[in-house]
Amino acid sequence: MVAVKSSSKLSRRERTNLSRGLLFISPWLLGLIIFTIYPLIYSIIFSFTRYSGFRRPVWLGMQNYTRLFSDSLFWLSLGNTLYYVLWAVPIGIVVALLLALAMNRDVREVNVYRAILYLPSILPTFALAFIFIVLINPQYGIVNIFFSLFGVPTQNFLSDPLGAKNVIIVLAQLGAGNAALIFLAGLRGIPATLYDAARIDGAGVWRRFYSITLPLLSPIILFNLITALSGGLQIFQQAYIMTNGGPNNGTLFYMLYLYRNAFAYAQLGYACALSLVLFVIGLALAGILFSVAQRFVNYEMVS
Amino acid sequence: MATQVMDKKAVATDEMTRYRRRARLQHVMQTAIPRLFLLIMCLIYAVPFYWMLSTALKSTSELAEFPPALFPRTLHFENFVLAVTKIPFAVYFGNTLLITLLTIIGSVLANLIVAYGFACIEWPGRDKVFYIVLATMFIPFPIAIVPQFDMFARLHWINTILPLVVPHFFAGAFFIFMLRQFLLQIPRELLEAARMDGATELQIMWNVILPLSRPALAAVALFSGISAWNDFMGPLIYLQDDLKRTLAVGLQVFRSTHDIQFNLLMAASLLTVLPLIILFLFSQRFFIKGVTVGSIK
Numbered sequence: 001m002v003a004v005k006s007s008s009k010l011s012r013r014e015r016t017n018l019s020r021g022l023l024f025i026s027p028w029l030l031g032l033i034i035f036t037i038y039p040l041i042y043s044i045i046f047s048f049t050r051y052s053g054f055r056r057p058v059w060l061g062m063q064n065y066t067r068l069f070s071d072s073l074f075w076l077s078l079g080n081t082l083y084y085v086l087w088a089v090p091i092g093i094v095v096a097l098l099l100a101l102a103m104n105r106d107v108r109e110v111n112v113y114r115a116i117l118y119l120p121s122i123l124p125t126f127a128l129a130f131i132f133i134v135l136i137n138p139q140y141g142i143v144n145i146f147f148s149l150f151g152v153p154t155q156n157f158l159s160d161p162l163g164a165k166n167v168i169i170v171l172a173q174l175g176a177g178n179a180a181l182i183f184l185a186g187l188r189g190i191p192a193t194l195y196d197a198a199r200i201d202g203a204g205v206w207r208r209f210y211s212i213t214l215p216l217l218s219p220i221i222l223f224n225l226i227t228a229l230s231g232g233l234q235i236f237q238q239a240y241i242m243t244n245g246g247p248n249n250g251t252l253f254y255m256l257y258l259y260r261n262a263f264a265y266a267q268l269g270y271a272c273a274l275s276l277v278l279f280v281i282g283l284a285l286a287g288i289l290f291s292v293a294q295r296f297v298n299y300e301m302v303s
Numbered sequence: 001m002a003t004q005v006m007d008k009k010a011v012a013t014d015e016m017t018r019y020r021r022r023a024r025l026q027h028v029m030q031t032a033i034p035r036l037f038l039l040i041m042c043l044i045y046a047v048p049f050y051w052m053l054s055t056a057l058k059s060t061s062e063l064a065e066f067p068p069a070l071f072p073r074t075l076h077f078e079n080f081v082l083a084v085t086k087i088p089f090a091v092y093f094g095n096t097l098l099i100t101l102l103t104i105i106g107s108v109l110a111n112l113i114v115a116y117g118f119a120c121i122e123w124p125g126r127d128k129v130f131y132i133v134l135a136t137m138f139i140p141f142p143i144a145i146v147p148q149f150d151m152f153a154r155l156h157w158i159n160t161i162l163p164l165v166v167p168h169f170f171a172g173a174f175f176i177f178m179l180r181q182f183l184l185q186i187p188r189e190l191l192e193a194a195r196m197d198g199a200t201e202l203q204i205m206w207n208v209i210l211p212l213s214r215p216a217l218a219a220v221a222l223f224s225g226i227s228a229w230n231d232f233m234g235p236l237i238y239l240q241d242d243l244k245r246t247l248a249v250g251l252q253v254f255r256s257t258h259d260i261q262f263n264l265l266m267a268a269s270l271l272t273v274l275p276l277i278i279l280f281l282f283s284q285r286f287f288i289k290g291v292t293v294g295s296i297k
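Here the protein sequences line up with chains A and B, keeping their order. Using full-length UniProt numbering, read the first sequence as starting at 1 and increasing by one per residue. Using full-length UniProt numbering, read the second sequence as starting at 1 and increasing by one per residue.
Isolated chain A, as found in the complex (with noise of 0.2 angstroms):
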C-alpha cells in the first residue's frame, strides 16, 4: 500500500520492524479504512442515489447535484456560511493576534488575563449558546441595557436574519483564547536582538511589527487561518440552538441544512452530495489559502 521496499531486500530486522509497527499502528489503519476511506467512498456513491436509510437506495445518476444548482436553500446556506467564514475568521484572527501581543508586553500578572481568556474556549458552544440567548434578550439580558446607555433603542437582534449571524460571529469571539495562545508562543520564539538591532536602526513600532513580527508569525497566521476556516465552514451548534435556522431562513447554515437534509428528511443520498461539495469547497478555499500564502509566509524562522 505504501511506497516500501520490496520485501525481498529487506533484511531480517527490518523485516520484524516493519511487523511490529505495522501491528503498533493498526489501530489507526483500521480507523482510518472505517471512518474516513469507507465513508468517503460511501459518500461518492450515495450521492448518486435516492436514499432514506430505510428502503433500498435508488439510482439517480447526476440528478442529486443538478439538483442542487436550482435548490434556493443550499445557495442560501451556503451564502449564510460563507458571511458567516468572511467575518467571524478575520476578525477571530485579529483578535486573537491583539490579545498575544498585549500578553507579550511584560505585563507580570499575565497569567490572570492568560486563564480568563483562555478559560471560554474550553467550555463547552450549548452552554455559551444558552447564556448568549439571555445575554441578549430584550426582556432579560445586559447587552440591551449597555447599548441603551448610548441611546440605542432595545431591540431582539436574534429577530432580525443579519443580525442573528452577527450575534453568532462575536459569539464565536469567546473562542479566541486558544489561537491567541497559538500567537503568543510563536512571539516568544522570535529573538529579541531583531527588535534591538531594529530599534537601532531607528525602526519604529508601527514598522517593527510590520518588518519583523508579521512575516516571522506568517506560518502561525496560516495555520490558526486554516484552522478557524475549517471550523467556521462546519458552523451549526450555535443556530441549531439559538435560532433553529431562523428568522426566515437568516442562520440556516450550510452544515444546518446537511443535518436536516439527513435527519429530518432522510434524504440521505442529498445529504451525501452536500457533504460532498462541502468537501471541495473547503478544499478549494484551502488551496487558495496556501497558493495567497506562498506569496507571504515567511517559513525561515520556522525550524
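Treat the hints loosely; a few may be bogus.
Derived DEER-like restraints, expressed as beta-carbon distance ranges [to be verified]:
id, chain 1, residue 1, chain 2, residue 2, range
1, B, I40, A, V152, 44 to 54 angstroms
2, A, V152, B, P275, 35 to 45 angstroms
3, B, T160, A, N298, 48 to 58 angstroms
Don't read these hints as lab results, they were simulated from the structure. Remember, predicted model here, so these are calculated numbers, not experimental data. Every residue gets a Cβ at the ideal spot worked out from N, C-alpha and C, and that includes glycine.
With chain A's structure known, arrange chain B on it following the hints.
Coordinates of chain B only, in the frame set by chain A:
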C-alpha cells in the same frame, strides 16, 4: 576634595535613581495600553459568565421585571435544586460522564500505542505513512456523518453510547501527531537498552515510555475528555431516548420546551461548565502546553 567626591557620588546616585524611575515610568507607560486592553477584554469575556450566575440566582418574579436588575435582590440558591430536579440532571450528568471517561480511556490507550509505532520503532516507510496521518487531519468530519450513521444503524448501535465511544479506540490524527512529537524527544538509548535486556515492545511502551510521557498523555486525556463532554452533534444524532441523553442535548430539549425559565437554564448551564472550570484551574499548565503543540511544525 573629599566632599566634592561625595557630592559627585550623590549626584550620580541621584541621577541613577532618577534614571531608574524614568525607566520604570516608561515601562508602566508601555505596558499601560496592553494592560488596559487586556483588562477590558477580560471584562467583556467575564460579562456573559456573570450574567449566567446572576440570572441563575434570580427568582422567577424578579426575572419578569423590566429592566432586569444587575444584581439579584435575594440569592435564590434553590434554583439549582429546582434545576436538577426539573431536568433529569443527574441522569444526563452520569451519561455525559460515562461517555467522557470511556473516550479518555480509548484516546489515551490507542494514541499511545499508535504514536509508539510512529516514534519508537524504526520501520521502512514509516515517515511516508506518517504523512498520511497528517493529511487525514484536513479531511473534514461532515463527509463521515451520513455514512457513519448508516453503518452504526446497521450495527443496531443507535440509542447506545457505542457510536460516540468506539471510534476513539482507533486513535486520531491530531493526538498521534502531538504524542509522536513528545515521544521523539525521549532519548533513543533508553529504548535500545531495554531492547538489549530482552524487553518486548509492549513492555518497553508500558514500563519505559508510559511513565516518561505522563504530561503528554495528560494533555491527550484533557483534550479528548473536554471534546467528549462538549460534544453536541454526536449525541444529537445517536441518542434519542430522553434518559440516554447527555447534558448537551438534554439541556437543549429543556430549553426548547421551557422557553422562559431562564433562571433554571442558567443554573443548569452553570452546573455543566463548573466541572470544566474546576478542572481548568487545577491543570492549567497542561492546557497551555497542549494548545501550542499543534502549531509547532
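Hints, one by one, checked against the model:
1. B/I40 with A/V152: 44 to 54 angstroms: violated (19 angstroms)
2. A/V152 with B/P275: 35 to 45 angstroms: Check passed, 37 angstroms falls within 35 to 45 angstroms.
3. B/T160 with A/N298: 48 to 58 angstroms: At roughly 50 angstroms between Cβ atoms, A/N298 and B/T160 fall inside 48 to 58 angstroms, so the hint holds.
Consistency note: the structure conflicts with earlier hint 1 alone.
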